[in-house]
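**Student:** Sequence:
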Amino acid sequence: MPVEWQPVRQSRTHELVLQSIEERVFAGELKAGDRLPPERELAPVLGVSRSALREALRVLETIGVLVAQPGRGPDAGARIVRNPDDALGRLLRLHFALGSYSLEDVLEARVVLERSSFEAAARHASPQDLDEARALVEAMGKPGVAVAEFNDLDTRFHVHIARSSGNELTSTLTSAVRESVRPLILRALEAAEDWPATAAALNAEHAELLRLLGAGRGPAAADLVERHIRSLHGTLVDESPGRDEADS
0 MPVEWQPVRQ
10 SRTHELVLQS
20 IEERVFAGEL
30 KAGDRLPPER
40 ELAPVLGVSR
50 SALREALRVL
60 ETIGVLVAQP
70 GRGPDAGARI
80 VRNPDDALGR
90 LLRLHFALGS
100 YSLEDVLEAR
110 VVLERSSFEA
120 AARHASPQDL
130 DEARALVEAM
140 GKPGVAVAEF
150 NDLDTRFHVH
160 IARSSGNELT
170 STLTSAVRES
180 VRPLILRALE
190 AAEDWPATAA
200 ALNAEHAELL
210 RLLGAGRGPA
220 AADLVERHIR
230 SLHGTLVDES
240 PGRDEADS
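The numbers in the sequence shown follow numbering that gives the first Met the number 0, run straight up by one, and end at 247.
Each hint should be verified, as a subset may be incorrect.
[Stated by the list, open to error] Ranges between beta-carbon positions, derived for each pair: (1) 104 - 168: 12 to 22 Å; (2) 98 - 226: 26 to 36 Å; (3) 165 - 82: 18 to 28 Å; (4) 3 - 111: 39 to 49 Å; (5) 100 - 57: 20 to 30 Å; (6) 213 - 94: 32 to 42 Å; (7) 207 - 234: 12 to 22 Å; (8) 60 - 204: 33 to 43 Å; (9) 92 - 231: 14 to 24 Å; (10) 104 - 30: 29 to 39 Å.
In short, the hints are calculated from the structure, not lab data.
Note that this is a predicted model, so its numbers are computed, not measured.
All C-beta atoms in this analysis are idealised placements derived from N, C-alpha and C, irrespective of residue type, glycine included.
Sequences are here, hints too, so could you generate the full structure?
**Tutor:** Spelled out as structure tokens, the structure:
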């Protein structure tokens, strides 16, 4: 059924455009994969300027529900998508940097999310999921692996297990939370006195986590991943500025 567009009020125009598009998504009239009409057609139907429409579309692109393809042809224009991981990660990183959440907040969120995802992955992860996780562990275990590469592989390992849990929201939240502290974890790893020993110890825990998942031992995997997170992330919390004052 064709989507029926109605003019919007002129005050705070781009927000009203957003509201108009959101209402159609909520009503099921717009779904992932649907394309919006071209700007030259949509702007007059909504009764707004093309600049106000573009501003609204930029907001939707930033929050990961729309992608705009410039140019002409069948692939050009704005299309509704489902891409929450990058958008939530970007948003959480900004709020973390602005002090909206403390390191301790992020630590406790990681613990809750990853305990849940590892326990669920022990029940739901497929052999292919485990093989892909094993490839990441093997890559982290290569001699001479650089700190930045290890940090990237480590992030991918934890996010991959969350995706293997069967819960897409847990996966997205795990990815966003882990990404929000990636730079801090990287600096902590770079500060390690004996990087090869640190990498080996961390990856031994990854290997054991994988073994527990393969054996279907969800509660044991949940306990280990909590210890794994607190061993490094907890150190960041203990060393964060203002922590001593807050605890005194």
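**Student:** State for each hint whether it applies.
**Tutor:** Against the structure, the hints come out as follows:
1. 104 - 168: 12 to 22 Å: 19 Å, holds
2. 98 - 226: 26 to 36 Å: With a Cβ separation near 28 Å, residue 98 and residue 226 satisfy 26 to 36 Å, so the hint holds.
3. 165 - 82: 18 to 28 Å: Given about 20 Å between the Cβ atoms, the range holds.
4. 3 - 111: 39 to 49 Å: 43 Å, holds
5. 100 - 57: 20 to 30 Å: For residue 57 against residue 100, whose Cβ atoms are near 26 Å apart, the range 20 to 30 Å holds.
6. 213 - 94: 32 to 42 Å: For residue 213 and residue 94 the Cβ distance comes to about 37 Å; the hint holds.
7. 207 - 234: 12 to 22 Å: About 20 Å separates the Cβ atoms of residue 207 and residue 234, which means 12 to 22 Å holds.
8. 60 - 204: 33 to 43 Å: Distance hint for residue 60, residue 204 holds at roughly 38 Å.
9. 92 - 231: 14 to 24 Å: 19 Å, holds
10. 104 - 30: 29 to 39 Å: At 34 Å between Cβs, range holds.
Hint check: no violations occur; every hint is consistent with the structure.
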